Amino acid sequence: MKHFLGFVKKEFHHIFRDRRTLIILFGIPVAQMLLFGYIITTEVKDARIAILDHSKDETTRKIIDKLASSGYFIIAKYLSHEQEIADCFRQGTVKEVVVFEPDFARKLQNEKMASVHLIADASDANSANLVVNYTGAVINDFIAKENKSSAMPLQIITEPRMLYNPELKGVYMFVPGTMAMILVLICALLTSVSIVREKELGTMEVLLVSPLNPLQIVLGKVTPYIFLSFVNVITILLLSNFVFGLPVRGSITLLLAESFLFISLALSLGILISSSTSSQQMAMVASMLGLMLPSILLSGFIFPIDNMPGWIQWICYINPTTYFIVILKNIMLKGLGFMSVWKETAILAGITMFLLVVSTKKFKVRLD
Amino acid sequence: MRTILFILQKEFIQIRRNRMMLPVIFVIPLIQLLILVNAANMEMKHIRICIVDNDLSSSSRLITGKFSNSKFFTVQGHTFSMEEAQRQIENGRADMVLHIPEGFERNMIRENKAKAQLLFNAINGTVAGISNAYAAQIIAGANREIIMEWYGNSETQAGAAAINIIPSFWYNPDMNYKIFMVPAILVLLVTLIGMMLATLNIVREKEMGNIEQINVTPIRKIHFITGKLLPFWIIALVMLAFGLLIGKLIYNIPMLGSLPLLFVVAGIYLLAMLGFGLMISNSAATQQQAMFVMFFFILIFIMMSGIFTPTDSMPNWAQTINYLNPVSYFMRIIRMILLKGSGFMDILKDFTILLCYGITVITLAVFCYRKVS
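Protein chains in written order, with my numbering: chain S, 1 to 368; chain G, 1 to 373.
A few of these clues could be false.
Said to hold, decoys possible - Per the computed footprint, the stretches of chain S lying under chain G, defined by three or more beta-carbons under 8 Å from a beta-carbon of chain G, are: (1) 26 to 32; (2) 88 to 101; (3) 112 to 120; (4) 257 to 268.
To be verified - Here are the simulated lysine-lysine pairs, DSS-like style, with alpha carbons at most 27 Å apart: (5) S:K45 with G:K349; (6) S:K77 with G:K115; (7) S:K10 with S:K334; (8) S:K112 with G:K178; (9) S:K9 with S:K361; (10) G:K113 with S:K334; (11) G:K206 with S:K112; (12) G:K66 with S:K112; (13) S:K66 with S:K169; (14) S:K107 with S:K77; (15) S:K10 with G:K206; (16) S:K45 with G:K45; (17) S:K145 with G:K66; (18) S:K169 with G:K45; (19) S:K145 with G:K115; (20) G:K113 with S:K145; (21) S:K45 with G:K206.
Claimed, not checked - A short list of chain G residues far from chain S (calculated; beta carbon distances all over 12 Å): (22) I4; (23) G65; (24) W170; (25) I214; (26) L245; (27) C368.
Simulated from the structure, these hints should not be mistaken for lab results. Keep in mind it's a predicted model, so treat the numbers as computed, not measured. Note that the Cβ used here is the ideal one computed from N, Cα and C, for glycine as well.
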């Protein structure tokens, strides 16, 4: 035990004496959290659209005003010919063109039906879909209001209630994901170089001849980083609460305990990478390349897992970040207790144990 | 010129001798390209709905029937208790609840209006908003049918006007999100690898102590930087070509524009990114530091590039910062050239900015490198 404590102390010295890395380490999560909290959102806001109005009557003008004042769109251009649509799209200046058919108001009045053509630049299918949906919603809302004023019989009134996030703020969705992503990347990057660095600099020999066993070396390497990462967890949680107004509706103790579990997992993952590579370069390339995009794309952070093809969903379910995001949302936003996340917790704990055992086994006590 | 060739030779030998590196930088990206492309789907289908129909009248059945037939909704279950339905939302089994209270049809006939309640899990505000719009549309449709049933088929009596919304999706009528994601993810992978290798390069020599040997040679600064840059530049371009080929073969991505133009732009873009990496490498003391600094920038570049989330909806200050983000320019250009067939004139502005960017970065990288320690 005494040996172990000495080793941990040595590791702490290593970290604290490297001032630059330390500053980077605490600065990065804060800066990224602040930036991403504001910029990552799938909401449609100020999307640039163009109008091609063949009718130019009062109703179409009302609809255009409504689109412009909705906050979703900026009307960037008024076109006068069908041919101009292709030019607009090729230059990438607008995302959608709204085309009103001739005699729009008259048809709406007499035939009770008029057509709007929404032409979207679907080279980005996702955002085209969103923009068309939003435009449709604004137009439908307009016609519903018009109908209401003309006293219709047998009306069905729908009352939507938005649970957990009544103002439909984007941060509720993206802050938990950002937290998980930053934590897993920082933690894994941190520890992935720790063992391999000693190998590369030739100091591994000294460690191997010491009375410490592999498990102690691995744990000793992780321990200081657990403290550092935990400080990061707390800063991130404080930021999300005070800057982005995310509530913590559930138990804070539980939230901290789960975060602790998650950083241990990420750190063990780093250790595994570290003990299976031979140079710092390799370790970093592997952890960055292997973790960055999957933790963004395969975790339900931005893209809902339900939408993915079946076999991709399976990959998402071996990605620990997925579970942590669920845990964060359940505890922070839904205010649920441990019973709602025990399964996810058990899985995270299981993966952590597995990673620690494998990296200890992989740890070679002899130099090649 | 000969000096550069020697440095190039040295760098290539170094890369080739590193047995693990080459497979890693080719295989990991390839696998990711194949997998990740499928994941980036924002299309709203299968919104899971839990129906609480306490009225069980013909009108309420008409409404619930419309939901089960809609391609946007998947009926997750029926129940008679709101608590049970709410629990379904809590534990994530349903995304929304439709509640038709008892006496719905009676109210509609007697008081001319009836209320139906919709409950959404709104943590993802965008999805909740769109689900609400779809649901409202379905209910409005059902409402029209009910009115027609009561008042006969004459439309004038029904009185409700409707606007027929016809969407059409240009360049990609099947709404295949993959053809957009293949170029985007490819750009990310190529950037990540090129920049990572460049970033770790000089600082590695520093950390190992080899840099002194180079510093005492008559190599000029510009030669040194060129020699360090070129190998990774070539690797990145080869990867891009390889990735495009895979995209074409497996996902059949369209290539409407000119490929030579694309590669010219890619070359300039990579020059800027790799030069940026070398700058980081120059100023860092250890590989770990260099890596963290690069991680900081690359993640910001990626998240702001408009590949996962639209750049239009970012706040104005973020859009201003984004003018400094080379990834966002190239992301836009590659999409325009491949998917829309944009020509040189269409991308002129972005191209010029990227070119200036590249020249500035390379000049800075040469300028920042010090042979004197």
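I'd like to know which numbered hints this structure contradicts. Please list them from smallest to largest.
The structure conflicts with hints 4, 6, 7, 8, 10, 11, 21 and 24, although it agrees with all the remaining ones.
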